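Read top to bottom, the protein sequences are chains A and B. Mind the numbering: the first sequence is residues 1 to 283 in this note's numbering, read in order. Mind the numbering: the second sequence is residues 284 to 565 in this note's numbering, read in order.
Calculated directly from the structure, the hints in this document are not laboratory data. Since this is a predicted model, take the numbers as computed values, not measurements. Just so you know, not all the hints are guaranteed correct.
The calculated DSS-like cross-link candidates involving lysine-lysine, where the alpha carbons are at most 30 Å apart (straight line), are [said to hold, decoys possible]: (1) 87/A to 503/B; (2) 66/A to 49/A; (3) 4/A to 378/B; (4) 230/A to 503/B; (5) 289/B to 115/A; (6) 228/A to 503/B; (7) 7/A to 289/B; (8) 289/B to 111/A; (9) 430/B to 349/B.
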Amino acid sequence: MKQKILKRLLFIILFLIAVAICFPVFFLIVGSLMGADELNAYLGPVLGKADGFAGWALLPTYPTFKAYIQLLLDSPEFFVMFWNSIKLSGMILLLQLITGVPAAWGFAKLKVPFKNVLFNLYIILMLMPFQVTMLSNYLTLNKIHLMNTPWAVILPAAFSTFPVFIMYHFFRNIPQGIIESARLDGAGSLQVFFYIGIPLGSSGIVSAIVLSFLDAWNLIEQPLTFFKDKTLWPLSLYLPSISLENAGLAFVASVVTLIPSLLVFLAGQDYLEQGITASAVKE
Amino acid sequence: MRNIRKENLEGLAFIGPSILGVSIFVLIPFIDVIRRSFFNAAGTGFTFLENYQTIFHNAAFMLALKNTLRFMGICIPLLIAVSLLVAVFLSSGLKLAGYLKSAYLVPMAIPVASVVLMWRLLFHEHGFFSGMLNHFGIVGMDWMNTKYAFWVLVFSYVWKNIGYNIVLWMAGLTSIPDTLYESARCDGANAWQCFIYITMPNLLPTLYTITVLAFLNAFKVFREAYLVAGDYPHESMYLLQHLFNNWFRDLSLDKMSAGAVVIALMILVLILGLQRSWDKEI
């Protein structure tokens, strides 16, 4: 009996923590549906228009899509940034797959000279923060005159070793027997890769895509360093530049930025968990 | 003989493009970075360790290094302990544990830029947090411009990374065979003893991964700091990345290269040290 009560209590605590953790999503959506007057009333003190402290309501009193329409019609710069974010993330993912999938397959299943040394190098590089690689990236980008072009962010990210590491673990779990029997039937390396490796390792590929997308959509250090021209900026750098005066716009822009990433998360959640788990397999 | 050669070539063809890109954008230029760290800013005169002496006597570098290390020293143990606790509870046969786990993962999907708006409203002088404290008679302040800014970062780091770590811990927990617990219980071990003598030792490999990834993600907290407070935040959250951005703006490549080498070495030592101590345990 006592244990049952304890368990229930534990559940309630964990549930409340979960609600608190997810609260920002709810908060942003509610804010984006409030009219300008309502927002001004709640946030007046923060904007310096009223005394006291900012307040909030659980739900908007008069929900409206006005702010969304305003964003659609009156903020061309938002669309430029949104498109920039899509382009950067899309190109990064595409190039990561083109170079990363074969590399992960090679590390997992093929004979490669100095394989262990190289793979350990990949792990170490994966763990190096941007402060370490920033100057290296810059030296190359500057030499080939790609600074201040979208490629300055795309190319270094495309060769991130993290997705290779994730996919490697999935490829390694493919039983050797299947590959050998295919070989006996006369399949070449490319055929084995395309007809066995990719289909059987597809969950690893999706995991890598989900993890990479969440990161690419969030890039801040790289565009900040490698783009001088603000028209190249992704959303992540644009949002904080909206002043609180435009709170309505800031809320809507935050929600619109959140949507792609939340959709990928919801659609790929199982893969995300598998990917995270794969990184825990000790070498 | 010929066959082995052919196999090697095939393997190389698969990983070649990736290795080439990594070499061009990171490895080869990093060798140049190491070289530059021993030269003056123009790259014309060999100065040996002068750059290293400069950065270790540089107040900004020491402040950023101190803040970064302090941040990690507080956040990482905190994150590891809290997420382990939640993971153990979630694995204890709780109802709806799967849904709760998903909820804890949501912050991973929230772009920093989106949540910055909430941070700004929350920690404004007249914001929600000050308003709440007002009920208790505590006078609010512009929290991001005080020493408490550091704790806002700690909070947002734990918030962002807790789900990731819970998933890792839970994976570690499920990999422990049930038979171990059963036989321990037969021998009269209670829940606490099971945890200390079975769960903990078996989670050591997971702890290694979690620690290393927690370090990696700790460097990313610059994103929050920058988006909330810009280039020159309160000195309690002045991080290495702020300093590197300033150096980059001034094109102080000499200091940057020495700094990059120092950080790379520290991380390398950390990874190898952790790996060795864990290998010894097992």
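Hint check:
Restraint check for residue 87/A and residue 503/B: satisfied, since their Cα atoms lie roughly 22 Å apart, inside the 30 Å limit. Between residue 66/A and residue 49/A the alpha-carbon distance is near 22 Å, which keeps this suggested pair within the 30 Å criterion. Restraint check: the Cα-Cα separation between residue 4/A and residue 378/B comes to about 12 Å, which is no more than 30 Å; the hinted pair holds. Distance hint between residue 230/A and residue 503/B is fulfilled; the C-alpha atoms sit about 22 Å from each other, no more than 30 Å.
For the suggested pair residue 289/B and residue 115/A, the alpha carbons sit about 16 Å apart, so the restraint of at most 30 Å is met. A C-alpha spacing of about 21 Å is found between residue 228/A and residue 503/B, which places the hinted pair at or below 30 Å, so the restraint holds. Proposed proximity of residue 7/A and residue 289/B is contradicted: the alpha carbons are some 61 Å apart, above 30 Å. Our distance criterion of 30 Å between C-alpha atoms is met by residue 289/B and residue 111/A, whose separation comes to about 10 Å.
Restraint check for residue 430/B and residue 349/B: satisfied, since their Cα atoms lie roughly 14 Å apart, inside the 30 Å limit.
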